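Colleague: Just so you know, the protein sequences line up as chains C and S, in that order.
Just so we're aligned, residue 2 is where the first sequence starts under the working numbering, counting upward by one.
Just so we're aligned, residue 15 is where the second sequence starts under the working numbering, counting upward by one.
Keep in mind the hints are simulated off the structure, nothing from the lab.
Some hints here could point you the wrong way.
[To be verified] Between beta-carbon pairs, the in silico distance windows are:
1) S:VAL128 x C:GLY16: 45 to 53 Å
2) S:ALA224 x C:ARG31: 20 to 28 Å
3) S:VAL197 x C:ARG31: 35 to 43 Å
4) S:VAL50 x C:GLY24: 44 to 52 Å
5) S:ASP54 x C:ARG31: 25 to 33 Å
[As the list claims (entries may be wrong)] In silico contact screen, one side only, chain S against chain C (beta carbon under 8 Å); selected entries:
6) ALA41
7) VAL45
8) MET46
9) LEU63
10) VAL68
11) TRP121
12) LEU236
These numbers were taken from a predicted model, which means no experiment stands behind them.
Note that beta-carbon positions come from the ideal geometry of N, C-alpha and C, so glycine has one too.
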Amino acid sequence: VGEWGWVAAGYAITGLTLLGYVGTLLIRARRARFRSDRIAGRRS
Amino acid sequence: MGATGRVVGVLGRAERWIGGLALAALAASAVMSLAVAPPDAEQGNLQRLMYVHVPAAWLAYLSFAVVFVGSVAYLRTHRSRWDRLAAASAEVGVLFTALTIALGMVWGKPVWGVWWTWDPRLTTTAVLLLIYLGYLAVRRIPESPARRARWAAVVGIVGFAEVPIVHLSVTWWRSLHQGPTVVRLGGPSLDPIMLWTLLLAVAGFTLVYAYLMALRLRVGRLEERAVREALSPDVRSAIAEVPARG
């Protein structure tokens, strides 16, 4: 692996980590909202 | 509404704007660090990893400082929003500490010849990661929310002592890791273009932190609401009778 290969690996790890975390948080938000709506629907 | 509530409200409304700004700053930082900043005289292009490694470490410090402030404020006021702030920041801090270690390994392998060595900076950073993984574990103990928040706050305050140890480890002990180049007596020892590129990267990562915190706090509020609504009406009314301080 050349110098640029290591640099690319570092930047790729950073980008994927940030994207992965943001994606996880968005999924968690959607699930929580879905759970609330389902419970509210069952009660009404 | 207290100061934290106002901050949380502003962060929530501005979430998309902060996200857009963070993305723009990261793009500008990537152009500066990969195309504009010169290669290092000794390490060549490998030194460009500094523009992601150092900001990631800065965010880990910042996150744990916010955990410390939130924990102290929680123990003083018992307001749950301080606890939520500390919990959100700890999660983000753990992510960036792990990222710092991973990027250090990618940088260390071609420069030092090894992925990992028990160097003081690396070892203290690994301990920092373990401390805040412990903090997140404490937050999952099945206990009353108030007691759990109190225990977590104590860990958040005591654990913060590790942050200055990590930062000063390269000056206290003989280390393979390079010493401080920006925050040091006598001023930064970096080339001005490299310094400005690094500062832009730090600013971009700080905006990323603000965005992640806004998003994480929103997720926390939604998850708490889902748990509250899942409780039976009797339990909910019993909880409502207890004076809540949020």
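Colleague: Just to be sure I understand the hint, the distance between the Cβ atoms of S:VAL128 and C:GLY16 should be within 45 to 53 Å; is that true here?
Modeller: At roughly 25 Å between Cβ atoms, C:GLY16 and S:VAL128 fall outside 45 to 53 Å, so the hint is violated.
Colleague: 44 to 52 Å was suggested as the range; check whether the CB atoms of S:VAL50 and C:GLY24 agree with it.
Modeller: 30 Å, violated
Colleague: Given S:VAL45 was flagged as interface, is its beta-carbon under 8 Å from a beta-carbon of chain C?
Modeller: 12 Å, violated
Colleague: Taking the closest Cβ pair, is S:VAL68 under 8 Å from chain C?
Modeller: Since chain C brings no Cβ nearer than about 12 Å to S:VAL68, farther than 8 Å, the hint is violated.
Colleague: If you take the shortest Cβ to Cβ gap from S:ALA41 to chain C, is it below 8 Å?
Modeller: 11 Å, violated
Colleague: Less than 8 Å between beta-carbons is the criterion; does S:MET46 satisfy it with respect to chain C?
Modeller: This interface hint is violated because 13 Å lies over the 8 Å limit.
Colleague: Holds or violated: the 35 to 43 Å window for the beta-carbon distance between S:VAL197 and C:ARG31?
Modeller: The hint (35 to 43 Å, Cβ to Cβ) holds, given that S:VAL197 and C:ARG31 are roughly 40 Å apart.
Colleague: Using the Cβ atoms, figure out if S:ALA224 sits within 20 to 28 Å of C:ARG31.
Modeller: Given about 22 Å between the Cβ atoms, the range holds.
Colleague: Using the Cβ atoms, figure out if S:ASP54 sits within 25 to 33 Å of C:ARG31.
Modeller: The hint (25 to 33 Å, Cβ to Cβ) is violated, given that S:ASP54 and C:ARG31 are roughly 44 Å apart.
Colleague: Let me know if the C-beta of S:TRP121 comes in closer than 8 Å to any C-beta of chain C, holds or violated.
Modeller: Holds. Min distance 7 Å.
Colleague: Quick one, is the S:LEU236 hint okay against chain C at 8 Å, beta carbons?
Modeller: This interface hint holds because 4 Å falls under the 8 Å limit.
Colleague: Using Cβ atoms only, decide whether S:LEU63 comes closer than 8 Å to chain C, and label the hint accordingly.
Modeller: S:LEU63 check passes; min Cβ-Cβ to chain C is 5 Å, inside 8 Å.
Against the hints set out earlier in the document, violations occur for numbers 1, 4, 5, 6, 7, 8, 10.
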